[in-house]
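Visitor: Going line by line, the protein sequences match chains A and B.
Numbering-wise (full-length UniProt numbering), the first sequence opens with residue 1 and increments by one.
Numbering-wise (full-length UniProt numbering), the second sequence opens with residue 1 and increments by one.
The set of hints was computed from the structure by calculation and includes no laboratory data.
A portion of the hints provided could be inaccurate.
[To be verified] Example chain A residues on the side facing chain B (calculated, C-beta under 10 Å, incomplete):
1) ALA243
2) ALA273
3) THR275
4) TYR418
5) LYS448
[Claimed, not checked] Simulated coverage check for chain B against chain A, where a stretch passes if three residues somewhere in it have a Cβ under 8 Å from a Cβ of chain A:
6) 106–114
7) 214–226
Ideal Cβ positions, reconstructed from N, Cα and C, are used throughout, including at glycine.
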Amino acid sequence: MSRFSRRDFLLTTAGVVLASRLGSSAALAATPKRGGTLIGTWGGFEPQSLFVPAGGGSSPYFTSTKVVERLLRLTVDLKFEPVLALSVTPAPDFRSYTIKLRDKVTWHDGKPFSADDVVFNAMEYWKPISAGVSLVTLEAAEAVDPLTVVLKFKAPVPEFFLKSVLSGKAGLVIPKHIYAGSNIITNPINNTPIGTGPFKVKEWVRGSHVEYARNESYWNPGLPYLDKLVIRWWRDPASRSAAFEAGQLDIGTFNPIPYPEIARLTAGGKFIAETKGYANSAWIATVEFNQRREIFKKREVRQALMMAIDREFISETIFFGRAKPSVGVVHNSNSIFFTKDVQAYPFDVKKAASMLDAAGYPVKGGSRFKLSLVSAGWFEENVKMGQYVKQAFEDLDITVDLAVPDRATSLKRIYTDYDYDVAISNNTGGVELVPTTTQYYTTDGIVKGAAFRNATGYSNPELDKIVASMTVETDEPKRIALAKEFDRLATSEAPILPMVDLEPVTIVRSDVRDHSKTADFMGESWAELWLDR
Amino acid sequence: MRRIIIRRLLQIIPLILGVIVLNFMLIHLAPGSLFDVMTSEQQVTDPAMLDQLRHTYGVDQPTSVQLAKYIWSVMRLDLGFSYRQNAPVLDVILEQLPSTVILMLSATGIALLVGITAGVLASVKVNTIWDNLISLGAVFFFAAPSFWLGIMMTVLFAVKLGWFPVGGMRTIGSDQGTFGDALDVMHHLVLPATALGLFYAATYARVMRASMLEVFRLDFVRTARAKGLSRSRVVISHVMRNALLPIVTLLGLQLGTILGGSVVIEAVFSWPGIGSLLFDSVMSRNFPMVLGVLVLGSLLVAVSNAAVDLIYLRLDPRIRAR
């Protein structure tokens, strides 16, 4: 038996005391404090309108979601939590869903929120405007009682799919009594939206900021913790960095400051760089091949070009380590559908050259062939990627004509005119792959003029069939298996080469608590954020 | 005098018409359209919805019809509706125009004050250390890009010294009364107005110095001195007044470029003016908003130029005599 010495006793006692003190301070730190003003921003521009019902990009989504809520939300560990709905339950045949709503919820103007609002949203807003093809099988919505709605579908709808729609960008719930009978897209109320959310719009000074006040009648008593929320706009990332340093910003989402500034700003411990909270709006940088060009109809050519690109270099040099080399077509943050079991494309210029030789494109007169490379100018990193990819292809003796047009021109050249051979673009999608991710590859994703869809013209009946099965498969394990099959096929076919999975960063003061707890933090209500000051 | 004013105001009409037609054509010649940008943001994929939006935004009509409709609406003082902002163009511009006007006027004031003072000092102390320092400063501020100058001033005066705010036009949520709010705006204005104004101050200093030295050599200056007037009186009342004429000319010419320069400064300092609005609108091909800003901007510059002409008349009696 070992002897318990005086030294051991002292150490144990000290340890117990220290642990209890640490525990109590941690408990104290975890107790939210009410009050204060949080000033936030994001890495983009001012919204064109505070709420754009049909979407409108990240900026109005950021500003509207503090006011307008959804039925559900997706947590950072990819579990659905109730917001305005207490439950969403499928019928045994998955052709209808019963939604139980939260009681005693009021709109900002004091009117009660009820099942009629959800019916109106389902049939007049989500289906025709915001959700698009996601709710194409929605047949009817019925209010069974003031707090119960039944959604009926023409075909079985997977539970994860429907809950993703209801918790996603398309599932914002707008007031029927304001929008009924009007054009939802152009209703003037969109510039001062009304919702059920924790914050009310107090003032919007165009070009400067939007100020929100606490909704004192919020359905969740005690929330929000903040007295006031202010979202400010700085067009210049370096100025945002200075604003953080000067104490004029508390939080900034989606890469608010230049990548090289992150290490410097977070070095002192006053700020944190948080990467959680972006799984449901994941971005991938891609190289896309126009299948309307004879050369790129050959899979071997696409695969060879994939091997000519050093994705580690792109990750480390262009994104300063804030991106990971892509494995397949599904973002690595998607812990449900992501798989490593896909064809790998290791960087190997010699093998790429021999594959091109074998595909019938040997070097003739100093060049294998000529291509036009369009690098979409909406992200600064795309410009640098364009320059790198040009050099990488030139190392294979391919003549490259690089163009880096601005956003509007890029959209037209890539998605409307298909005026490119190879495009550097970006895919964005949620955790649910249908349709946001799948539409880049499926035949029904080819819609002239529709951006961020299948611009390559790639069409493969086998892949279409897998995705069609995913849209109706209600057994989740089988559905996940189908998704992985889709990933394997899309990666081996390589109509689009996923280069790097972007890892957006939230810069936040260390005394701002309970942030980044959902899979789409930027589009969260921020009711639970509090200041530990 | 009245005839001159009427003539100058009438000249504005063809100018505005030219601005509309030229910029309308330029925007429509540029690849991409507001429709492309908005449908991409909204991720519209349904072909029927795309057609509906084309009709809503009016882009399903021929360009000539769109132009004719636009000119007709401007003639009725209606600058159109911006679907991107979901608001009438005039409302959005009028919300942000005052901020830009304040910035432009302040920058112009700083430019004139600093430029003229430095130019006079350099000419009076010609070929001394003062002259050399002012010339060096003028070259520096003329060469320094205004966005870089803005960021450097922010780092030094806002981040390191904490004297001024990093950006914005006023302290959000503060209500300090009319006088207090005015002081607050002035506090926020110092850095952006200085960053914008110093470039023009450098130009004015160089021109003023050269102009002063030229006037110094004229006979009437020698006569004034021979009559026993003090050096300072000669400099201020005789030389400066004559040397100011090129500055006034420059001022009129540069009002348009100050408006352009404000685009950059507004971005750096998050100043809520029409510069950022114009930039966003050009990037999104939001032609009703671009044209609205340009029409009002041209109007502003044209009216300012007319005012400058009147100042010119006041300063130079020879023009009045003609």
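Visitor: Does the structure break any of the earlier hints, and which numbers would those be?
Guide: When the structure is compared with the hints, numbers 2, 3, 4, 6 and 7 turn out to be violated.
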